[in-house]
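Engineer: Residue-level listing of the chains:
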Amino acid sequence: MDFHDEKPIYLQIADHFCEGILTGSLEAGSRVPSVREYGAEIGVNPNTVMRVYEKLTAEGVIFNKRGIGYFVSDNAREIILDTQKEDFLTREVPAIKRKMDLLGLDAKIFM
Amino acid sequence: MIEVKDLSFSYGSQEVLKNISLSLKEGNIYGLLGENGVGKTTLLTLLCGLKKPQGGTIETDGRKPYSRQPSLLQEQFYLPEEVSPVHERADAFGKEAGALWPNFDLEKYLYILSEFEVESKKRMDQMSAGQLKKTWIAFALACGVRHYFMDEPTNGLDIPSKMQFRKAIMKYTSEESTVVISTHQVRDLEELIDPIIILDKKSVLVNASLERIGSLLYFDYGKEVHPKALYTEQTPSGMVQVYPNADGRESKVNLEALFNAVHMNKEAVKSLFD
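So the protein sequences, as listed, match chains A and B. The first sequence begins at 1360 in the working numbering and counts up one residue at a time. The second sequence begins at 202 in the working numbering and counts up one residue at a time.
None of these hints come from the bench; they were simulated from the model. Just so we're clear, the structure is a prediction, and the values are computed from it rather than from any experiment. There's no promise every hint is true.
Straight line, CA to CA, 25 angstroms or less: simulated DSS-like cross-link-like pairs of lysine-lysine [what the hints assert, rightly or not]: (1) B:Lys467 / B:Lys453; (2) B:Lys372 / A:Lys1424; (3) A:Lys1414 / B:Lys424; (4) B:Lys363 / A:Lys1366; (5) B:Lys424 / A:Lys1366; (6) B:Lys429 / A:Lys1366; (7) B:Lys368 / A:Lys1414; (8) B:Lys226 / B:Lys265; (9) A:Lys1414 / B:Lys226; (10) B:Lys372 / A:Lys1414; (11) B:Lys453 / A:Lys1366; (12) B:Lys368 / B:Lys226; (13) B:Lys402 / B:Lys467; (14) B:Lys372 / B:Lys429; (15) B:Lys206 / A:Lys1456; (16) A:Lys1366 / B:Lys368; (17) A:Lys1458 / B:Lys363; (18) A:Lys1444 / B:Lys453.
DEER-style ranges, computed between Cβ atoms [what the hints assert, rightly or not]: (19) B:Leu417 / A:Glu1386: 37 to 47 angstroms; (20) A:Glu1396 / B:Glu227: 15 to 25 angstroms; (21) A:Asp1433 / B:Lys265: 47 to 57 angstroms; (22) B:Asp262 / A:Thr1449: 46 to 56 angstroms.
A short list of chain A residues far from chain B (calculated; beta carbon distances all over 10 angstroms) [unchecked claim]: (23) Glu1365; (24) Ser1384; (25) Gly1402; (26) Asn1404; (27) Arg1425; (28) Thr1449; (29) Met1459; (30) Gly1463; (31) Phe1469.
Glycine residues also receive a C-beta, built at the ideal position from the N, C-alpha and C atoms.
Based on the provided sequences and hints, a complete structural model is requested.
Structural biologist: Now the structure itself:
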């Protein structure tokens, strides 16, 4: 995996993981690789993968069955879409708006 | 768990380590960083029991490494920076030397060699430096020990081998193992090592997880110069600045910038982490 500098690696891995769910390569209900397995697969420290899993668990994208491992939630897709919409509206849209103001453009460009 | 307390070591009148204390916990892959000559190799050889502490103590699960009890030796592996070009084929070497480690798994050794694209039938003294290093790394990982001490393991490895090394470390060590890797090649090992230990002669400047480092320091890749920057570096793609993280924002930790920031502000960084 290649990483950029814009955010912490664990968030970039979480994004990559969520993309896998949105594109269907990771299905609802399927088992998520163990922390060590996933770490070995992408060449990243298990502590980092643990942070990814903790974040995704907190968001409800995956859940932990004690003693068995992590699984993709049934409504993972909806949760990810909601989170991404929220992120788009609160972060990207204001940035686009600032740039449009700066360049003297208005909403007509979207027509 | 390895506990180092007030460890001191000198070569003759030349003092190398002085009153070093740190603890190393299972399940972690530590990156040991430090300037040339601060004693990284000395510390590794002390941890594995090849040298005797002149002051202070080291305890590995309650045992002293220098007493060299077989029960501890069979649970640890020290991989020096320069490895021996054994006058034998790699497979034969594994069969013989592996007998010293009860958990050694010959099949696993041969499998890792194939993952590393090293010919197991080749004599080790006829291998290139990189192939020889990979053979030793494969052997070490096949020993299945709890404590790994590796001195500059990626030196001499080509680009694909570095990635193979990172994946192999993750795949063939476990939650029970403590791995300590000294390195100058932080770029080779970025994302593999966490926590990070930055060693200085008279003290351990940093011994912290990336999460903690990121909570204390902010790594700014933007274009505006920050007045409180501890360190600023121009890169081809822009700038990296390191400054105290005042508002809890999250950033990508850059180990090279971290090291330079620490190097130039030893006292300030140490008090930030204490």
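Engineer: Work down the list of hints and note, for each, if the structure agrees.
Structural biologist: Okay, the hints, checked on the actual structure:
Taking the CA atoms of lysine 467 of chain B and lysine 453 of chain B, the gap is near 21 angstroms; set against the 25 angstroms cutoff, the hint holds. Annotation: proposed proximity of lysine 372 of chain B to lysine 1424 of chain A holds, straight-line Cα distance about 23 angstroms (limit 25 angstroms). Taking the CA atoms of lysine 1414 of chain A and lysine 424 of chain B, the gap is near 30 angstroms; set against the 25 angstroms cutoff, the hint is violated. A distance of roughly 24 angstroms separates the Cα atoms of lysine 363 of chain B and lysine 1366 of chain A; the hinted pair therefore holds under the 25 angstroms criterion.
Restraint check for lysine 424 of chain B and lysine 1366 of chain A: the C-alpha separation of about 16 angstroms stays at or below 25 angstroms, so the hint holds. Proposed proximity of lysine 429 of chain B and lysine 1366 of chain A is supported: the alpha carbons are some 21 angstroms apart, at most 25 angstroms. Between lysine 368 of chain B and lysine 1414 of chain A the CA atoms are separated by roughly 23 angstroms; this keeps the pair inside 25 angstroms, and the hint holds. With a CA separation close to 16 angstroms, the supplied pair lysine 226 of chain B and lysine 265 of chain B stays within the 25 angstroms bound.
Under the criterion of a C-alpha separation no larger than 25 angstroms, the hint pairing lysine 1414 of chain A with lysine 226 of chain B is consistent with the structure, at around 23 angstroms. Of the supplied pair hints, the one linking lysine 372 of chain B and lysine 1414 of chain A holds, its CA atoms being roughly 23 angstroms apart against a limit of 25 angstroms. With a C-alpha separation of about 5 angstroms, the suggested pair lysine 453 of chain B and lysine 1366 of chain A falls inside the 25 angstroms cut-off, and the hint holds. Of the pairs offered as hints, the one joining lysine 368 of chain B and lysine 226 of chain B holds, with about 21 angstroms between alpha carbons and a cut-off of 25 angstroms not exceeded.
For the proposed pair lysine 402 of chain B and lysine 467 of chain B, the alpha carbon gap of about 11 angstroms is at most 25 angstroms, so the pair holds. For the suggested pair lysine 372 of chain B and lysine 429 of chain B, the alpha carbons sit about 41 angstroms apart, so the restraint of at most 25 angstroms is broken. Distance hint between lysine 206 of chain B and lysine 1456 of chain A is unfulfilled; the C-alpha atoms sit about 57 angstroms from each other, more than 25 angstroms. Annotation: proposed proximity of lysine 1366 of chain A to lysine 368 of chain B holds, straight-line Cα distance about 23 angstroms (limit 25 angstroms).
This hinted pair does not check out: lysine 1458 of chain A and lysine 363 of chain B have alpha carbons roughly 41 angstroms apart, beyond 25 angstroms. Pair hint lysine 1444 of chain A plus lysine 453 of chain B holds up; C-alpha atoms about 23 angstroms apart against a cutoff of 25 angstroms. The beta-carbon spacing between leucine 417 of chain B and glutamate 1386 of chain A, approximately 39 angstroms, falls within the hinted interval of 37 to 47 angstroms. Distance hint for glutamate 1396 of chain A and glutamate 227 of chain B: a CB-CB separation of about 18 angstroms, consistent with the stated range 15 to 25 angstroms.
In this structure the hint that aspartate 1433 of chain A and lysine 265 of chain B lie 47 to 57 angstroms apart at CB holds, the actual value being about 54 angstroms. Between aspartate 262 of chain B and threonine 1449 of chain A, the C-beta spacing of about 49 angstroms keeps the proposed range 46 to 56 angstroms intact. The claim that glutamate 1365 of chain A is not at the interface with chain B is violated, since a C-beta of that chain comes within 10 angstroms of its own (minimum 7 angstroms). Distance check for serine 1384 of chain A against chain B: the nearest CB is about 20 angstroms away, which clears 10 angstroms, and the non-interface claim stands.
For glycine 1402 of chain A, the requirement that its beta carbon stay farther than 10 angstroms from each beta carbon of chain B is not met, with the minimum near 4 angstroms. With a closest Cβ-Cβ approach of about 4 angstroms to chain B, asparagine 1404 of chain A is found to fall inside the 10 angstroms limit, against its non-interface label. With 10 angstroms as the threshold on Cβ separation, the claim that arginine 1425 of chain A sits away from chain B holds: the shortest Cβ distance comes to roughly 16 angstroms. Look at threonine 1449 of chain A: its CB is around 15 angstroms from the nearest CB on chain B, clear of 10 angstroms, so calling it non-interface holds up.
For methionine 1459 of chain A, the non-interface assignment is confirmed: its Cβ lies about 21 angstroms from the closest Cβ of chain B, beyond the 10 angstroms cut-off. Remark: the non-interface label on glycine 1463 of chain A is consistent with the geometry, its nearest Cβ contact in chain B lying 23 angstroms away (cut-off 10 angstroms). In this structure phenylalanine 1469 of chain A is separated from chain B by more than 10 angstroms, as the shortest Cβ-Cβ distance comes to about 28 angstroms.
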